[in-house]
Every structure is written in structure tokens, then in C-alpha cells.
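Enquirer: Single-letter residue listing:
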Amino acid sequence: MSFAWANQYEPKSAFTKWIDEKLPLPRLVYNAVGAGYPVPRNLNYMWNFGVLAGFFLMFQIITGVVLAMHYAADVSVAFGSIEHIMRNVNYGWLLKYAHANGASFFFIVIYLHIFRGFYYSSYKAPREMIWLLGVVIFLLMMATAFMGYVLPWGQMSFWGAKVITGLFGAIPFIGEPLQVWLVGGYAPNDSTLNRFFSLHFLLPFVIAGVVILHIWSLHIPGSSNPTGVEVKKESDTVPFHPYYTAKDGWFLGLFLIFFATIVFFAPNMLGHPDNWIEANPLSTPAHIVPEWYFYPFYAILRAFTGDLTIPFTGIILIEAKLLGVIAMFSAILVWFFLPWLDKSPVRSGAYRPLFRKFFWFGLVPCMAALFYLGGATPEEPYIVLSQLATAYYFLHFLVILPIVSQIEIPKPLPFSITEAVLGKDGDAAAPSAAAGSAKPEGDAPDGALQPAE
Amino acid sequence: MTIRLGGIIFGLGLTAVLLLWSLLPGAINFAFPEKPDYYAFQEENIAPEGGFSFEGPLGKWDTQQLQRGYQVYKEVCAACHSLQYVAFRNLQDLGYSDAEVRAEAATWQVPFQNPESGEIEMRAGEPTDQFPPVYYLGQGNPPDLSLITKARPDGTHYVYSLMQGYNEPDPEDVAKSPEFETPPGLYFNEYFYNINIAMPPQLLDGIVTYADGTEATTEQMSQDVAAFLTWAGEPSLIQRKQTGWFVIAFLIFATSLGFLSYKSIWAGMKPKKK
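Quick mapping for you: the protein sequence lines, in order, are chains D and C.
Last residue of the first sequence: number 452 in numbering that gives the first Met the number 0, and the count goes up by one each step with no gaps.
Last residue of the second sequence: number 273 in numbering that gives the first Met the number 0, and the count goes up by one each step with no gaps.
If you are wondering where the hints come from, they were derived from the structure by calculation, not from laboratory data.
Just so you know, even glycine gets a beta-carbon here, dropped at the ideal spot from N, CA and C.
Heads up, some of the hints might be wrong.
[Unchecked claim] Mimicking EDC-like on lysine to aspartate or glutamate, the simulated pairs with C-alpha atoms at most 20 Å apart in a straight line are:
#, chain 1, residue 1, chain 2, residue 2
1, C, Lys269, D, Glu379
2, D, Lys320, D, Asp306
3, C, Lys240, C, Glu125
4, C, Lys73, C, Glu125
5, C, Lys175, C, Glu48
6, C, Lys269, D, Glu318
[Stated by the list, open to error] Partner residues are not named here, just some residues of chain D that face chain C (Cβ under 10 Å, in silico):
#, residue
7, Glu20
8, Pro23
9, Ser75
10, Gly153
11, His218
12, Phe258
13, Pro280
[As the list claims (entries may be wrong)] Quick look at which bits of chain C chain D covers, simulated, 3 or more residues with Cβ under 8 Å:
#, stretch
14, 19 to 29
15, 142 to 152
16, 206 to 216
17, 247 to 260
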């Protein structure tokens with residue numbers, strides 16, 4: 000779907016006309032990310048992270064495919080093959096560091112992208128499908144990253160795999176046989192490494208497929224914007240190319256400067272030194288932690304230290320390990336329900352004062368705490384702090400958001416995007432770039448509250 | 000009415016009991032944490048005056064230092080520690096010529112399988128060989144040193160500190176933990192994570208006579224071997240930093256052009272509100 004005023008693709012040369020008849024790929028690109036896709040004119044930099052995420056996916060696939068030409072997935076040679084890449088393969092050190100830090104930066108971008116979704120309620124109707132597909136992409140990314148970290152077969156690779164595959168054993172009744180089947184043995188071994196390599200190679204292409212669905216479902220209603228007011232007329236939008244190709248392009252360059260600084264000057268900063276020691280099943284590291292981007296979920300997993308029992312009897316209803324696993328997965332599963340938990344018709348946090356308070360003074364400190372606690376040692380006071388942060392996390396999504404969305408009094412919304420950008424009298428004096436129809440279609444005179452469509 | 004009130008009070012009471020029951024032990028531990036006192040024995044890593052030549056974004060290898068460090072490794076450490084991921088040909092990075100590398104490799108004995116008898120025998124090393132494995136039969140488990148500076152937090156300084164850390168425990172800490180003692184067969188080292196290390200002190204003054212005539216103090220040898228092991232862990236360290244300058248310079252240039260294009264395309268789209 001596109002807006003009625005969108006530019007039309009017009010092939011000029013004989014060659015482009017021929018292609019357009021036989022396989023209209025240039026037309027598809029033009030309509031998807033070119034001058035044929037109108038986008039709200041008031042997007043801020045928080046809207047850049049989608050394109051950045053797409054870039055990092057491509058970057059990881061390219062560096063990963065080249066690394067796979069030199070990597071060997073067998074426990075006797077895996078660690079050595081990484082050293083071979085680092086020392087012997089031309090620019091192998093660059094490939095390895097770029098791929099490992101690329102994963103971290105992919106997650107930084109994705110968390111900012113999701114954070115934008117939380118603040119501006121991007122998950123609300125009519126964009127629920129985009130959001131659901133996005134959560135699916137996030138789950139696939141977590142699986143891919145987890146398996147990728149196991150491949151170097153360092154101490155953290157092995158022991159992290161042991162912890163996480165061990166969680167399957169917590170599932171009642173079928174847990175133990177399921178774990179043995181998935182792992183290919185009783186502890187991570189050669190079978191595990193081989194199948195993780197296979198899946199790690201496969202899943203990014205599955206992610207790419209879901210990303211295509213994600214962008215396709217976005218192009219049906221079009222992008223949201225920082226006011227949350229839907230597009231009404233031509234002066235609300237600008238064509239994606241050149242406006243947002245330029246904005247995304249330079250911001251990508253800026254982001255890559257930070258990325259290059261880490262890759263070339265601090266490539267091991269985000270990693271764990273223990274992963275430079277070859278995996279030893281007989282030697283447990285002092286502290287087993289995943290990569291930093293899993294810290295919040297690891298904190299939630301470890302927060303549950305007591306079994307759920309019937310007090311004063313000895314009967315265990317749910318043991319602590321299973322509680323932790325359920326909570327950890329639920330922490331992401333609640334995101335699936337957000338479109339239906341948050342009932343406010345106003346999208347943008349900019350017009351929701353009470354929501355904003357709980358966002359900045361509740362959710363953000365809670366997530367920051369969970370990030371820190373996931374990497375902390377499992378002793379007091381970190382345990383009780385994890386428990387409090389976990390409790391707040393679920394309280395925020397399941398209790399606070401629905402209640403706040405019902406009771407808050409939002410601020411009045413602008414009538415249109417054009418009004419938000421140019422002011423009420425801006426419509427009549429719209430700059431030439433906004434094109435022909437300068438006659439405004441009746442702004443509401445007092446800027447009264449307009450519900451989101 | 001009273002039943003409702005009673006119900007509310009009971010509910011609040013139950014909630015209070017559950018909250019206290021779940022949070023109180025943690026709160027008490029938070030306020031009065033128990034930490035084993037012998038953590039106090041461990042010290043922060045030290046660094047040499049002026050730092051190492053390869054540190055910082057403009058670092059360079061000091062090949063003289065690397066050669067001295069290699070000499071320390073060969074004469075002191077190689078008795079127990081292998082360096083399996085480094086090959087003799089990599090020693091070219093230390094400033095040796097092809098002929099010197101070949102001669103150096105030949106001073107090492109590497110295992111090979113005799114094609115006729117099938118037995119494992121030893122022969123003189125060649126540049127293409129990796130440093131040979133070491134069979135150690137004493138107490139403890141000497142790790143391979145190829146990656147040691149990357150496998151420990153702040154690894155270069157850790158190695159530098161550890162080699163000099165065989166001191167007596169601080170009397171203040173001993174007073175706080177009078178029951179602490181180093182088990183027989185282990186040695187107290189204030190930089191080691193577990194405090195008592197199985198490796199005896201190695202870099203005693205003058206244990207190595209440097210080929211270039213530098214005085215072989217404990218501090219000098221620690222510095223040199225730490226530098227050598229940093230090179231062994233990541234021979235591409237300096238190339239990485241130098242490439243980084245070019246990449247970031249290009250990115251700054253390209254991003255500036257991108258930013259200026261962005262500004263020119265968007266000019267006039269968002270007039271300042273009055």
C-alpha cells in the first residue's frame with residue numbers, strides 16, 4: 000500500500016522498460032525504499048535503527064560466510080581453527096573481531112530499535128503484525144548469537160552452552176530426554192558443536208526472511224512517527240529517497256565510526272577473557288556469564304533462588320530452576336501481548352505524561368539494573384536486587400501499563416504531522432518541497448485531542 | 000462490613016508476611032555482607048613506568064624488548080609452558096632475518112612420526128613448525144602461554160605483576176585473618192586470583208644473561224616476558240591499530256560528506272517555530 004500522492008516509477012530507457020516488463024525488481028525497490036515510498040517528514044533519529052539493523056544483519060552474514068570458509072566445527076580443532084584465522088588467514092583477525100563485535104553492535108541497534116517501539120507505542124494498531132514479527136526476529140537473533148558464541152569452543156562457550164542447554168532439563172516430564180536429544184549427549188560435546196554450527200549458519204537466513212515480512216508488513220500502513228498521529232495528507236510526508244536515504248546514510252557512517260573504534264582499538268572489551276582458554280569440561284570457570292546482551296535475561300533467570308512449595312509441607316510445586324526458565328522466556332513473551340496490554344489510544348510517549356514517568360523512572364532504570372545484575376556474581380546484594388528488578392519488570396508490563404493507559408489524561412495531539420512540524424499557519428505557507436496541494440484541509444482550530452486511527 | 004474489613008486486614012497481613020519472608024534474608028545479607036577476608040590479600044595489577052611500547056592507539060612493537068622476552072621464555076618458561084599456537088616463522092616479527100629464524104628453529108626439538116617405524120621421534124625444528132608441546136610432570140598445571148595475555152583480565156599487566164608478586168603477605172591482612180596460611184607446595188603471590196600459586200618464583204635477578212647486554216633484573220625480565228607474551232597472543236596487534244586509523248579517517252571523511260548531503264537535501268524542511 001502506498002499513499003495516493005506517491006511518486007510513480009517511470010522507466011526511461013529501453014533497457015529499464017524491458018526489465019520492468021519481465022521482472023519489476025527496480026520498481027519494487029523504488030516503491031519500497033526509493034522515491035516511491037512516502038514517509039512521515041518528522042521522523043527523529045530513533046527511526047534510523049531499523050535500517051541500521053538491516054545493515055548489521057548483512058554485515059554479519061558476509062563476515063560470517065567468509066569466516067566459515069576457515070572455521071572447523073570439531074571439538075579437537077575448533078579452538079585451533081580460530082587461532083588459525085587470527086594468525087594465518089589474511090585479515091583473519093579483522094574478520095573475527097568484526098564478526099564478534101558486529102554481534103554486539105547488532106544487539107545495541109536492536110535494543111534501541113525496540114526501545115523506540117516501547118516509547119512511541121509502535122506496536123499499536125494497525126502495526127501489530129510488524130511488532131510480532133519483530134519479536135520473532137529478536138528470538139531468532141538470540142538463538143543465533145547463543146550458538147555463534149559456542150563455536151569458538153572456549154571456556155565460556157562450553158560452560159555457557161552447558162548452563163543454557165541444561166535449562167531444558169527443567170521442563171517437567173519430557174525435560175531430561177529432550178535435553179539429551181537436543182544436545183546429542185549428556186553434556187555439550189562434538190555433536191552439539193556440529194549442530195550449532197549448522198543452525199548458526201542457517202538461522203541468519205531465516206532472520207532475513209522474517210525481516211522481509213517485517214518490512215513488507217510495515218509498508219502496508221506506512222511508518223509511524225514521533226507524534227503518533229497518522230499521515231493525512233501529502234504535506235505530512237516526504238519520499239524515502241532522497242530524504243531518509245541521506246539521513247540513514249550519514250547516521251550509519253557515524254555509527255560505523257564507533258564500531259570501528261571498538262573493532263580496531265578495543266576488540267576484546269565486550270568479550271570475556273575466559274573464552275581465550277580452550278574448553279575444559281573438567282575445569283569450571285569462577286563465574287559463568289553469557290555475552291553482555293543476554294545479561295537482563297540472565298539476571299531474571301538467576302533471580303529465582305527458592306522452589307515454589309506448599310509452606311510447611313515438603314511438597315515442591317515448581318522448582319527454582321523451572322521458575323527461572325519460565326520467567327526468562329516470559330520476559331520476552333510479554334512483548335507479544337503489548338498491543339493488547341497498552342490500551343491508550345494515544346501512541347507517542349511525548350503526549351502521555353504519566354506513561355512517560357513510568358517509562359523513564361521505572362522501565363529504563365529497571366532494564367539498566369537488569370543489565371548490570373546479569374553480569375554480577377550470584378551473591379548478595381545482587382540476588383535481592385535482581386528479584387526486585389524482575390518483579391518490577393513484570394509489574395510494569397502486566398499491571399502498570401494497562402492501568403496507566405486507562406487512567407491517564409494525555410496531552411492534546413497536533414491535528415496533523417504538518418501542523419506538528421510547521422505550526423498551525425504552516426500549512427498555508429508550506430515550502431515547495433512538500434509539493435502542489437497547498438490548500439489545507441481544515442486543521443482543527445484548537446488542536447483538540449485526536450484519537451489515533 | 001466487618002467481614003470485608005477483616006478480609007482486607009488479613010490480606011494485607013498475608014502480603015506483609017510473604018514480602019518480609021522473601022525479602023528480609025536478602026535485605027539482611029545486603030546490609031551485613033559476609034566476604035571471606037582473604038580476598039583482602041589480593042592486589043591490583045601494577046604497570047611499568049611509562050607503560051609498554053605497544054599500548055595506546057599509537058603503539059609500536061619494541062623488537063629489542065620482544066627478543067629479550069623471547070630469550071626469557073626460551074630459557075626459563077619453556078621448561079614447563081608450551082607456546083603451541085606460535086610458529087617459529089612468526090619470530091620474523093621480532094626482527095630476525097630468515098637465516099636467523101631458521102637457525103633459531105633448529106635449536107628446538109620437535110616431535111615427528113618416523114615414516115618407517117611409525118614411532119614418535121624428535122628432530123630439529125624448522126620455521127614451519129609450531130613450538131613443541133611440553134610434558135610437565137610436577138605439581139600444578141602450567142597453562143599454554145600462547146594466549147595468556149588475552150585469557151586473563153588486563154593480561155599484560157597481570158603477567159608483569161605476577162612475575163614480581165612473590166612477596167610476603169601484608170601484615171595488616173595477616174592480622175585480620177590469622178588462620179590464613181599457604182599450603183605446602185604452593186607459593187604466596189599477591190596478584191594470583193587464588194593467592195597461592197603452584198609455580199615457584201622464576202625470574203630471580205640475573206637468571207638470564209641478555210644477549211644485548213641489558214641488566215636482567217626481575218622487573219626488567221617481567222616487563223620483557225610480558226611484552227613477548229602479548230606479541231605471542233596477538234601478533235597482529237600493531238597492524239590492527241594502524242589499519243584502524245586509516246579506516247576511521249576514511250569513515251570520518253565519508254560521514255562528513257554524508258552529513259553535508261543530508262543537510263542540503265533537508266534544507267528548509269523544518270523552519271524554526273516562532
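Enquirer: Hint by hint, say whether it matches the structure.
Expert: Results of checking the hints against the structure:
1. Lys269/C x Glu379/D: It is violated: about 52 Å lies between the C-alpha atoms, which goes past 20 Å.
2. Lys320/D x Asp306/D: Holds: Lys320/D and Asp306/D sit about 8 Å apart, inside 20 Å.
3. Lys240/C x Glu125/C: Violated: Lys240/C and Glu125/C sit about 31 Å apart, past 20 Å.
4. Lys73/C x Glu125/C: 16 Å, holds
5. Lys175/C x Glu48/C: Answer violated: Lys175/C to Glu48/C is near 32 Å, above 20 Å.
6. Lys269/C x Glu318/D: 58 Å, violated
7. Glu20: Violated. Min distance 32 Å.
8. Pro23: Violated - the Cβ of Pro23/D stays beyond 10 Å from chain C, reaching only about 27 Å at its closest.
9. Ser75: 13 Å, violated
10. Gly153: With Cβ-Cβ at 9 Å, under 10 Å, it holds.
11. His218: Nearest chain C Cβ about 22 Å off; hint violated.
12. Phe258: 9 Å, holds
13. Pro280: 15 Å, violated
14. 19 to 29: holds (count 6)
15. 142 to 152: Check passed, 7 qualifying residues.
16. 206 to 216: violated (count 0)
17. 247 to 260: Result for this restraint: holds, n = 8.
The earlier numbered hints that this structure contradicts are 1, 3, 5, 6, 7, 8, 9, 11, 13, 16.
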